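Here full-length UniProt numbering is used: the first residue of the sequence shown is 1, the next is one more, and so on.
The set of hints was computed from the structure by calculation and includes no laboratory data.
Please read all numbers here as calculations on a predicted model, not as lab measurements.
Glycine included, every Cβ here is placed at the ideal spot set by N, Cα and C.
A few of these clues could be false.
With a straight-line Cα cutoff of 27 angstroms, these simulated BS3-like cross-link-like pairs (lysine-lysine) come out [claimed, not checked]:
1) K114 to K66
2) K114 to K63
3) K180 to K114
Label-pair ranges, simulated between beta-carbon atoms [said to hold, decoys possible]:
4) Y85 to E198: 41 to 47 angstroms
5) Q170 to R38: 24 to 30 angstroms
6) E198 to C178: 22 to 28 angstroms
7) K64 to A241: 50 to 56 angstroms
8) Q170 to I41: 20 to 26 angstroms
9) K227 to E120: 38 to 44 angstroms
10) M39 to E86: 20 to 26 angstroms
11) H176 to E224: 31 to 37 angstroms
12) K114 to K180: 42 to 48 angstroms
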Amino acid sequence: KHSNRKESPDSGGKPGTVAPGRTGLQESCRLPKQKRTRMAICTYNARTLASEAAIEDLMMQAKKIKYDVVGLTETRRCHPLNAVYEAGEELFLGTCDSRGVGGVGVFVNTSMAKNIDSFEQLATRIGRRRMRRCCPTPRERTTINWDLFAKLAGFWEDSAMDNIDEQFDQLVEHLHDCAKKAESFKTTKKRLSPETLELIRHRGAARAAGNQELTFELARLCKEAIKEDLKERRTELLAEAAEAGKSIRYA
1 KHSNRKESPD
11 SGGKPGTVAP
21 GRTGLQESCR
31 LPKQKRTRMA
41 ICTYNARTLA
51 SEAAIEDLMM
61 QAKKIKYDVV
71 GLTETRRCHP
81 LNAVYEAGEE
91 LFLGTCDSRG
101 VGGVGVFVNT
111 SMAKNIDSFE
121 QLATRIGRRR
131 MRRCCPTPRE
141 RTTINWDLFA
151 KLAGFWEDSA
161 MDNIDEQFDQ
171 LVEHLHDCAK
181 KAESFKTTKK
191 RLSPETLELI
201 RHRGAARAAG
211 NQELTFELAR
221 LCKEAIKEDL
231 KERRTELLAE
241 AAEAGKSIRY
251 A
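Start from the sequences, fold in the hints, and give me the full structure.
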């Protein structure tokens, strides 16, 4: 009888010798390798993108770096913008709040612009951009711009939650909890006087109005007032600690 079993070229033709490596069944069941896409994601505090001159300056600065996506903060625009430029770059800008503060956006390079699915501003400091994968089975990929302290949370890999709304709800719940704690007198003791807080509000209004000279002057006054308030607060804590007979650290 003739055997249909193939012999290994390294077996010397000995019967019963198994060829090294993968079997035919294993070879047929191998999955095709997926090509991973590397993205260069940057962040930029734009200060303002309310004018065409500011947008042109952004594009000039972007040409000096290697990037795929730039997450923008502090756009300070009253109206949203979605523009495609001659070289193929695409710009999405959200709006600021009633005080002229905040606003997020993304600036996408030519190589990635074709993969953009949508951009949505969830709040004046949170934006969400969806991308399409370049593969036989397209799948949405999400980049979220968290403008908490002007930071970008980054690119969500496969290990992240698929439900971005759930993450957003968790963030909002956390912020509400922090706000409640901040309103509690036991948690936050008053350190700044009403006069100093009023100065800080005036400084914010001047900055939103674009009055740099007044902003600098109010910033100087705020710095001096805060320093004086903290000095008085420390004196009060020392007196309270001395009276209670304990360390100022626990006052």
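Consistency of the hints with the structure:
1. Annotation: proposed proximity of K114 to K66 holds, straight-line Cα distance about 18 angstroms (limit 27 angstroms).
2. Between K114 and K63 the CA atoms are separated by roughly 19 angstroms; this keeps the pair inside 27 angstroms, and the hint holds.
3. Under the criterion of a C-alpha separation no larger than 27 angstroms, the hint pairing K180 with K114 is inconsistent with the structure, at around 44 angstroms.
4. For Y85 and E198, the Cβ-Cβ distance of about 44 angstroms falls inside the hinted range of 41 to 47 angstroms, so the restraint holds.
5. Roughly 29 angstroms separates the CB atoms of Q170 and R38, a value that falls within the hinted 24 to 30 angstroms.
6. At roughly 24 angstroms, the beta carbons of E198 and C178 sit within the given window of 22 to 28 angstroms.
7. Checking the proposed 50 to 56 angstroms range against K64 and A241 shows it holds: the Cβ atoms sit about 54 angstroms from each other.
8. One distance hint, 20 to 26 angstroms for the beta-carbon pair Q170 and I41, holds here, with the actual separation near 22 angstroms.
9. Judged by the Cβ atoms, the range 38 to 44 angstroms given for K227 and E120 holds: they are separated by roughly 43 angstroms.
10. With their beta carbons about 23 angstroms apart, M39 and E86 fall inside the hinted range of 20 to 26 angstroms.
11. Evaluation of the 31 to 37 angstroms hint for H176 and E224 yields a pass: the beta carbon distance comes to about 34 angstroms.
12. Distance hint check: the CB atoms of K114 and K180 are about 45 angstroms apart, consistent with the given range 42 to 48 angstroms.
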